[in-house]
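Here are the chains, one letter per residue:
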Amino acid sequence: MMNAADNELLVRTNAGTPMGEYFRRYWLPVALSKEMPAPDSAPIRVKVMGEELVAFRDTEGRVGLVEPRCAHRGSSLFFGRNEECGLRCVHHGWKYDVEGKCVDMPNVEPDAGMRGKISIKAYPTREFGELVWAYFGPREIMPELPQLEHGLLPASQRYVTKRLQQCNWAQSMDGAVDTAHFSFLHMPAPAFKSNSAANIAADEKRIGWLRQDPMPRFTILDHDVGFVVGGARKADGRDLYWRITQFMLPTHSITPSAMPGEVYYGYTWVPVDDESCWIYVYGWHPDRAITADERAKFDKGGYGQFAELGPGYLPLRNRSNDYLIDREEQKTLSFTGVRGIAEQDTLAQESQGVIADRTKEHLTATDIGVVHFRRLMIKEARALRDGREPAAAKLHESYRLRSGGAVLSSDLSFEEVMKKRFGSSTGKVS
Amino acid sequence: MMNAADNELLVRTNAGTPMGEYFRRYWLPVALSKEMPAPDSAPIRVKVMGEELVAFRDTEGRVGLVEPRCAHRGSSLFFGRNEECGLRCVHHGWKYDVEGKCVDMPNVEPDAGMRGKISIKAYPTREFGELVWAYFGPREIMPELPQLEHGLLPASQRYVTKRLQQCNWAQSMDGAVDTAHFSFLHMPAPAFKSNSAANIAADEKRIGWLRQDPMPRFTILDHDVGFVVGGARKADGRDLYWRITQFMLPTHSITPSAMPGEVYYGYTWVPVDDESCWIYVYGWHPDRAITADERAKFDKGGYGQFAELGPGYLPLRNRSNDYLIDREEQKTLSFTGVRGIAEQDTLAQESQGVIADRTKEHLTATDIGVVHFRRLMIKEARALRDGREPAAAKLHESYRLRSGGAVLSSDLSFEEVMKKRFGSSTGKVS
Amino acid sequence: MMNAADNELLVRTNAGTPMGEYFRRYWLPVALSKEMPAPDSAPIRVKVMGEELVAFRDTEGRVGLVEPRCAHRGSSLFFGRNEECGLRCVHHGWKYDVEGKCVDMPNVEPDAGMRGKISIKAYPTREFGELVWAYFGPREIMPELPQLEHGLLPASQRYVTKRLQQCNWAQSMDGAVDTAHFSFLHMPAPAFKSNSAANIAADEKRIGWLRQDPMPRFTILDHDVGFVVGGARKADGRDLYWRITQFMLPTHSITPSAMPGEVYYGYTWVPVDDESCWIYVYGWHPDRAITADERAKFDKGGYGQFAELGPGYLPLRNRSNDYLIDREEQKTLSFTGVRGIAEQDTLAQESQGVIADRTKEHLTATDIGVVHFRRLMIKEARALRDGREPAAAKLHESYRLRSGGAVLSSDLSFEEVMKKRFGSSTGKVS
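Chains as they are written, first to last, in our numbering: chain H, 730 to 1159; chain R, 730 to 1159; chain C, 730 to 1159.
For reference, chain H alone in the conformation it holds in the complex (with noise of 0.2 Å):
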C-alpha cells in the first residue's frame, strides 16, 4: 500500500512535476519513423506528458519537433505547408526549420528588426530502432541515445509498433514488472485442455506450469540502469520454469516470454498525458531476420505482445467497448472472454482506474517487482528534485540488455540462471 502523496509522485509527468522533470532527463520515443515516410511528408500531432507539439520531416530527411503555434497570430502549424526545408504557415506564410527557427516571414520588411530574432519552441530529436526520440531536458546535460538491442540490428531483424492504453503510464508500467498475473489473466479457461486458440500465451507445457503455480517466487538483481526480476514456478522434475523481465529506466522493460531462440520483446512508455499513454512495442531476433508470416501476424495484431489496431493505433478492443469481452468464451475458452493478450493487460491496467489509486491495495509476496519499480522511480525522482541528477541517464551502453524465460534446475540461484541463459548476471549483451 503507497500513500497518496507517493501516488501522486509516481503518476504524474507534466513538466514541472518530480518525475516530470525525472523523465525529462531521458530521450524518450514520440512516433515511430513511418509516421513520417517520407521528405516532406504530412505533418503529426504529437502529445507528450502533457504538452502538444507538432512533429515534421523537412526536406532533408530531418525530424523537427516545435510547438504547434506560429509566433506571428497563432493558427496551428499543424495545418503547415512542409517544403523546402521548413514548416511554412499557411496563414500569412511564416516558415520555421526543425530547430524552430522563423526562417521565413513574407509580411516583414526585409529590413525589420524582428528579423532572425524569432523562434518557436523545438526540442531535438534522433531516430534509432525506427523510432524517433525526442530529448526535453537541459540542452548541457543531453545524454546519448540509450543503445536498446533492437535498435542496434538491422531493420530485417526487427518489427516496430505502438499502441494507444488510455490510462495513466505507471499502472500499465506496473504490468510488465509482474510476472504474477499471468497465471490468470492470460490463461485459457480452466475447462479448456488445447492450446490451439490465438489467444493462448505460449505452450501447452508452459501452460501447464503458469496454471499449476500462481505463486512465483521474485529474486531481484539490480543493475545500473535498473533491475532485471525473475520469477520461478514449478516446472517437471527438479526443474524450474523462469520467467526474467528487465525494468531500465524510465520506462523500457524487456518481457519474460522468450524461450532460448525465440524473438525478443521489449517495451518502452511515454506518457501522452497522466491519463493516457503510447507503449512503444518492439521484437526483435539477434540471429535471424523477422520472417514474413511473423510480421504478417504482428501486423494482424491479437498475436502475443501486438494487439489488434484501429485507426490511430488505438487497439480495436478497447475501454469505450469492455474489450469486446465475450462472457460465453470466458466460460469456455479463455479466462477473461477477451481475445489478445495485450488486449488482456490492457484491459486489467486501464480497469484500475483511469490513474490507479494505490493507497488501497493489498500487495502479496509475488507483487516485489512492482514495489521495488515504485520504490526506484519515486526514489530517482526524489533525488533529482533534490538536485542529484540521474546517473542511468548517461549510462547508454548499460541498455544493450535482454530478459525471457528458461528452464533450468532449481539447484542454480537466479544469478547463475542469468549466465547460463544470458552470459551475464544482468543480462548485459556482450
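Derived from the structure by calculation, the hints contain no laboratory data. Hints are supplied without guarantee of correctness; some may be wrong.
Heads up, the list lumps identical chains together, so a pair's fine if it works in one copy or across two of them.
As the list claims (entries may be wrong) - As a list, the in silico DSS-like pairs of lysine-lysine whose alpha-carbon atoms are at most 25 Å apart:
#, residue 1, residue 2
1, Lys830, Lys1060
2, Lys934, Lys1026
3, Lys1026, Lys763
4, Lys963, Lys846
5, Lys830, Lys1089
6, Lys776, Lys1089
7, Lys934, Lys1157
8, Lys763, Lys776
9, Lys850, Lys1089
10, Lys763, Lys1060
11, Lys846, Lys1089
12, Lys1123, Lys1157
13, Lys830, Lys1108
14, Lys850, Lys776
15, Lys1123, Lys1108
16, Lys776, Lys1149
Computed from a predicted structure; not experimentally measured.
Using the hints, position chains R and C against chain H.
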C-alpha cells in the same frame, strides 16, 4: 416556489446528503432480475445514488452487489469470472462471494496473515416482484421489503421493466403526483377528433372529460407510508371522473389510470446520480394473468406507461433527439407531436433541466399534490438528519396499496370514493 | 502583442461583461428569417452571447424571442405548441405571446390574483434583409436597425445565409480586417499555374498580384460607425491593386473582393457563447438580381464566401475532421490543401485555439487593420463601462456602406481611391 436550499435538499441523494441518507433507510430496486438471468451469468454494472457497483448472480442463484475494485490491485470486478459461488478477478485470481468476502487468494501463501481477513464492500440484496432490491443503510435497522402488490402475485399476473430518465429523480416523481398535466401533455391535438391513434391515453369519454376540465379539484389523504391524492374532474351528468394516485415513501407511486377491472400500474424511482434516474415500471392484475397480447404491447413500448426502448433501456425517443418531435403531428394529431405517454412525460420532465430549479416556479391550485410530496420528503429527510428514523421504512405491510380511476357521483367525499372503489379509505388491499 | 486583461475584455460577451454590455447596445441578427418560414411554424432554439432562448413566428407572422422556461413549472417552451398567436407549454397549457406575456393559464381559477401578471423574459425583434434581429439592451435607448445595404434592396438582389464557427468571435472578426493573409491562405500551391480549380479565390491576374506582393501597404480611414481599411499591392505597370474592407461596429464587415460590377459580400458575427459564433453572410448586387446560377453556387457552397454546409449550418469541413485537409492537394493544388475560401479562413481562425491568446503574438506592419479593430473595440467597451453610450448605435443611416477591390494608379491617395471607386471617401452609398 421553493427556496434554493430546500431544492438542493430535495434533489441530492449521494452518500452523506440528508436525502441520500434518507433513501438509504429503505430497500430500493437496483436491477431487473432478468438482467442476471441465470446462475453464473454475466456480471452487470449498477450505479445507485452516485455509487458504482457490480452485481452478479452466483452459482446458487444469490445476487451479490459489491464495489467493483479488487482489494488486491484494484482491477475491475465487472470483468471478473463468475464461477463456483464467487466472482474471481481476472488479474491475479482473487475471488469474492456475494457478501464481499475474499474466499480465494491464489498468490498468497497458505499461512499468510491476510488470508480470511479481506473483504470488499457489499450490500444485502433480495428479489421480489422480478426486481433485485438492495439496502444501503445501517444493518442493525434493516427493514423488511415493502410489500408492493405486484410482488405478491404469481409472475403470470405482472409485467416488470425499467427505463432510464436523463434528469434528477425528484422532477420525475413530481410528475407522478400531478394528474393535472393530463389535460394537455397526453391529449390529442385540439383539431383531432378520433382516439384511434396509439399515442392517446384513454378512451374517448375520458379524453373528453380530461380535455374539458383542465383544473381538477384535488383532495389528499395522508396515510402511514405516504399519501393518496385524488383529482376530480366533471364527468357526465352529476358524476365526477376521479383520478387517484398513491405516493409511498420514498419513491413509489401507483398511477391513476386503472378503471375497475383494468390493469394497475406502478413506478419506483431510483437515482443513478443527481442527473439521471431509473424508473422501474410494473403492471399487474390482481385477478387474472397478463395476456400474451398485453405483454406484446408492453414489450414493444410506446404504449401507456411503457416507453419504446433502445439499448441500455434508454427510450428511443429521448433528450438527445428531441424525442423525435414531429411538428406536423403536433398540429394535427397529438398535443406534443411526440409519440407515447411515457415519452411525453419524459419530455415534460427532462425539459425542466437536468436538475429542475424550483425557485422560479409559479404554482397553482392544481399543483397541490406536487407541493405535498415535496414538503413530505423534505420534512422526512430533515427528521432523519435530526435523529428521528423514518417510521414508514418499518411498515412493509402498509405498501399493499392500489389506486386508479373511478366515475362516481359528486355527492361522495374522497374517502367515500376510496372505500367504494378500493374497499378502504387509503387504498389498502385487505 | 496584447496584455491578458485586454484579451479577456475583447473576447467575453456574456451578460455583465464590458464587451457583452457593449454588444447589447446594438441590434444583432439571431436567426435567418427562413428558419421560421411561416406563421405558426416550429419554434427554434437560439443561443446568443451565452443566453439560451426560443424563437417562434406567431400566427400573424411576428417573431417572438423568449426565455425557454415556462413560468409555471419550468418545462421547455422549445417543445411548445405554436398556435393562435402564442406559444403554449405542452405540460399544463400556459401560453405566451411574442412579448413574453402569459395570455392563458388553463389550470388557474378565473379570479386568481396571478392572472395577467405573469411574463417571461422576451426581447424585441425585427426582420430586415432576411435576418431576424434582436435587441438585448435597455429599452429606453433602443436604436433603429442598422441600414446595411443588402437589407434595403429587393429580395431578388440579395442572398443570405449563415455558418457556425467553433471559436471565439473576435479572432474570426480579426480575419475580416486582415487582407494580408490572402497572399497565402487562399493561394494556389506555388507549383500550380492555372486558376481553373473551384477553390481559388479570384481570377489569374489578381492571383498573380496577391502572390507577388505578400506585404500590402495599409491605409485606414475612421468614420462614424467604424473604419475602412485599404491594402494596396503592386499591380501591372504603375497601378496598385487595392483591397478595401469596411468594419462597422460592433461586428459587421464588407469584404474587399468585389471589383466594379461584381457582387458585394458582407458578414456579421454574433457570439453563441465565448467559444463559438454565428457568421451571417450575405451577398448583394445594387443594380441587378442575383442570378439563378449564382444562387445555385452559393447554395452548394465551397464557393467564395460560402462554405459547404452540413446539418445545423456547420461547415462539412470543420474542426472535428481537420477540414478534410488533403496533403497531396496541399503540395500540388492549393496552399492549404483545404477546399473553399470560407473553410480556409475557418481553419486559420479556429486553429488559433478556441479562444486565441493574443499575448503571444508578434505583429507586423500588415496587421495594422487587426490592431485598429481591437483597439477600437476595447476603447468603445471601456467607454460604455465608464458611462458613455456608444454613438454608432444611433447612426443607423451610416451603415449604408460598400467596400471592395480596385485597380488604380499609384498616384492616387486612399481617399481619392475611395471617391473614385465608391463615390465617397468612406464608402457611403449616396
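Hint check results:
no.: 1; hint: Lys830 x Lys1060; result: between (60 Å within a copy, 22 Å between copies)
no.: 2; hint: Lys934 x Lys1026; result: within (22 Å within a copy, 57 Å between copies)
no.: 3; hint: Lys1026 x Lys763; result: within (19 Å within a copy, 41 Å between copies)
no.: 4; hint: Lys963 x Lys846; result: neither (67 Å within a copy, 28 Å between copies)
no.: 5; hint: Lys830 x Lys1089; result: between (49 Å within a copy, 16 Å between copies)
no.: 6; hint: Lys776 x Lys1089; result: between (31 Å within a copy, 21 Å between copies)
no.: 7; hint: Lys934 x Lys1157; result: neither (28 Å within a copy, 68 Å between copies)
no.: 8; hint: Lys763 x Lys776; result: within (17 Å within a copy, 44 Å between copies)
no.: 9; hint: Lys850 x Lys1089; result: between (41 Å within a copy, 13 Å between copies)
no.: 10; hint: Lys763 x Lys1060; result: between (40 Å within a copy, 20 Å between copies)
no.: 11; hint: Lys846 x Lys1089; result: between (53 Å within a copy, 15 Å between copies)
no.: 12; hint: Lys1123 x Lys1157; result: within (16 Å within a copy, 71 Å between copies)
no.: 13; hint: Lys830 x Lys1108; result: neither (38 Å within a copy, 36 Å between copies)
no.: 14; hint: Lys850 x Lys776; result: within (14 Å within a copy, 39 Å between copies)
no.: 15; hint: Lys1123 x Lys1108; result: within (18 Å within a copy, 56 Å between copies)
no.: 16; hint: Lys776 x Lys1149; result: neither (42 Å within a copy, 54 Å between copies)
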